[in-house]
Amino acid sequence: MSGVVSAFVEAWQELRINKVRILLALVGVAVSVTALTSVVGVGDLAREGFKVQAERSQGRTATVALSVNGPTTPDPVRLEKAYQGIVERYGISYWTHTGQAQARFQFPGGVQDVQMTLVDPGYGVIHRTDVTQGSWFADDDEQRLAPAVVVSEAFYNTAGRPDLVRKPLAKLIGEQETTAVIIGVVPDLFPQAPPSAFMLNGAAQSAGIAKGYGQFKVWVQDGQAAALMPAMQADLQMQFPDMYIDATRMDYAAHGDPIAVAQVAVGAVAGLVLLLGAMGMLNISMVTIRYRVREIGIRRSFGATSGRIFVGVMMESLVATAVAGIVGVMLAVAVVKNPWIQQKVAPALSEYPPFPLEAAMLGFGAAVLVGALAGAIPALVAVRIKVIDAIRF
Amino acid sequence: METLLSLRGVTRSVVLPDDQELHILRGIDLEVFSGDHTAIVGRSGCGKSTLLNLLGLLDVPSSGELEFLGTPVQHIGGNARARLRGSTVGFVFQQFNLLQGRSALDNVMTPLYYAKGRDFWRRRELAMEMLDRVGLAARAGAKPNMMSGGEQQRIAIARALVRRPRLILADEPTGALDVETGQTVMALLDSIATESAAALVTITHDHNVAALARSRYRLDAGVLQAVAEVPA
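So the sequences go chain by chain: A and B.
If you use UniProt numbering, the first sequence corresponds to residues 1 to 393, in order.
If you use UniProt numbering, the second sequence corresponds to residues 1 to 232, in order.
Derived by calculation from the structure, the hints in this document are not laboratory data.
In this text, a Cβ means the ideal position worked out from N, Cα and C, and glycines have one as well.
Don't take every hint at face value.
[As the list claims (entries may be wrong)] Short derived list, chain A residues pointing at chain B, Cβ under 7 Å:
| no. | residue |
| --- | --- |
| 1 | Ser2 |
| 2 | Ser6 |
| 3 | Thr248 |
| 4 | Phe302 |
| 5 | Thr305 |
[What the hints assert, rightly or not] Derived lysine-lysine pairs resembling BS3-like cross-links, with alpha carbons at most 30 Å apart:
| no. | chain 1 | residue 1 | chain 2 | residue 2 |
| --- | --- | --- | --- | --- |
| 6 | B | Lys143 | A | Lys19 |
| 7 | A | Lys344 | B | Lys143 |
| 8 | A | Lys211 | A | Lys81 |
Between the sequences and the hints, there should be enough to build the whole structure, so can you do that?
Structure follows, in structure tokens:
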């Protein structure tokens with residue numbers, strides 16, 4: 001017990017005595033750790049931002065689109081029954097029909113074409129649709145006499161930002177004039193986006209909005225997608241033997257992680273920075289050992305074993321780099337959690353994830369590893385010093 | 001008196017780069033008893049330091065028998081020797097060899113980092129007691145570069161004695177001091193050694209310092225010979 005404590009106390013005393021020299025050596029290590037940890041942390045944030053943006057437009061991991069096509073259009077009633085059968089048989093919780101349509105809305109400034117997305121309530125979950133005001137569609141919204149619409153920020157601005165509590169109306173101009181109720185607002189997918197809106201499929205049909213090409217999307221667990229897709233495809237093929245059945249993953253991760261390569265490349269550069277820091281530290285440690293030959297000899301003469309000398313030199317390096325690692329990680333947290341950086345790296349996120357623990361562990365672990373490597377070589381040199389020669393050095 | 005150190009036919013030789021063997025010590029016979037004060041005199045290059053290294057368990061003989069408290073040291077490993085050295089031998093060097101940048105107190109505490117149990121945990125208290133014993137308690141916070149040669153050697157003595165060693169080895173303890181300071185330091189060293197019943201072996205080329213010892217030896221060309229017995 002006293003042996004371990006005394007090794008720590010001795011290492012700490014060495015750090016205290018040689019603080020200026022060690023501080024200089026550690027600046028490089030701390031900067032390297034900051035670089036490495038920041039790359040991992042910013043990469044994680046960018047990945048999360050990219051994921052949210054991609055999931056908003058393409059669906060969560062794993063979103064599978066099913067379609068039945070052929071020389072003739074399949075009977076819609078039979079097709080819907082087949083889709084609902086799939087939902088029941090495979091225990092799918094979230095599904096949606098999606099389709100695109102154009103509609104003309106009366107705005108205070110005049111009539112304007114609006115891109116409509118016709119959906120079912122499950123779309124909100126599958127596409128991570130976060131409303132900034134109001135709410136997303138509920139199952140019973142389809143029963144409303146005045147169809148509900150969830151509009152984009154651009155639509156909401158064009159409509160004069162009415163108070164949603166007062167259930168503002170939006171007039172659809174066309175062969176069949178309809179008054180819709182704005183129930184929610186979602187962020188624009190990209191800056192300067194034109195006005196757009198969502199409406200439930202059933203309500204759109206009642207309002208006489210013709211749907212273009214449509215898809216049936218289901219959300220399944222990532223690990224099950226590979227097994228479920230051929231099963232669902234075979235299931236539909238059996239019901240529509242003359243048709244071409246397609247089951248395709250739509251989400252961003254369908255073909256692997258698209259930003260992993262970039263993150264590995266940047267991480268490799270950060271690793272090189274860390275290596276340079278380690279070499280600087282090793283260099284200073286080796287020079288220092290030359291200056292400490294006599295001191296090591298004196299310590300040996302007072303009973304320090306070679307193991308104790310090794311541990312002492314190692315410990316000094318480890319304690320120092322551990323402190324540098326903590327400082328480096330703290331700096332990286334300050335960088336990654338900086339609001340300006342968060343906004344620039346992940347503009348799609350409204351709430352930012354906590355600083356990734358694995359990035360902090362990686363940074364701290366790398367610092368300790370550098371300390372071990374930069375400490376082991378001088379420690380071996382120190383052990384080989386002959387006591388007699390050292391005292392007379 | 002208990003036999004602390006016993007050397008019988010001890011030799012020490014090294015192989016030179018041209019494969020020639022250099023015999024530094026030849027057939028050394030020496031007995032050191034508890035509470036004894038022994039002086040070894042000799043010219044530079046006669047093997048004094050090599051003998052000191054053997055006596056201090058810093059080195060092992062090439063041949064012959066060296067026993068420390070009855071244990072043949074050539075048969076024990078380096079780490080066990082280091083532990084034995086730490087607990088039973090205190091060194092006083094010619095150039096003081098204080099750790100620069102550390103206070104007097106830190107220097108005196110240094111050997112206690114290698115002690116176990118109570119001595120380690122009470123290191124500050126023990127070091128202060130020893131500083132007080134050499135009359136430098138008031139200078140506990142001073143660093144070596146702020147001290148005179150005499151003060152530095154007294155700190156070195158305090159450091160050598162803080163673990164209450166059975167054997168004190170002093171290598172030219174007055175070599176870097178003026179005559180008057182040297183005498184004061186030797187008187188202090190002798191009185192503390194006598195008080196703690198430790199054996200004191202002084203290696204010196206100064207006959208005045210050697211004259212303070214009760215047993216005296218001359219080392220010449222690696223051969224040790226008793227000079228004269230001084231009655232206790």
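Checked hints:
no.: 1; hint: Ser2; in the structure: holds (4 Å)
no.: 2; hint: Ser6; in the structure: holds (5 Å)
no.: 3; hint: Thr248; in the structure: violated (69 Å)
no.: 4; hint: Phe302; in the structure: holds (4 Å)
no.: 5; hint: Thr305; in the structure: holds (4 Å)
no.: 6; hint: Lys143(B) <-> Lys19(A); in the structure: holds (17 Å)
no.: 7; hint: Lys344(A) <-> Lys143(B); in the structure: violated (54 Å)
no.: 8; hint: Lys211(A) <-> Lys81(A); in the structure: holds (19 Å)
Hint check: violations occur at hints 3, 7; the rest are consistent with the structure.
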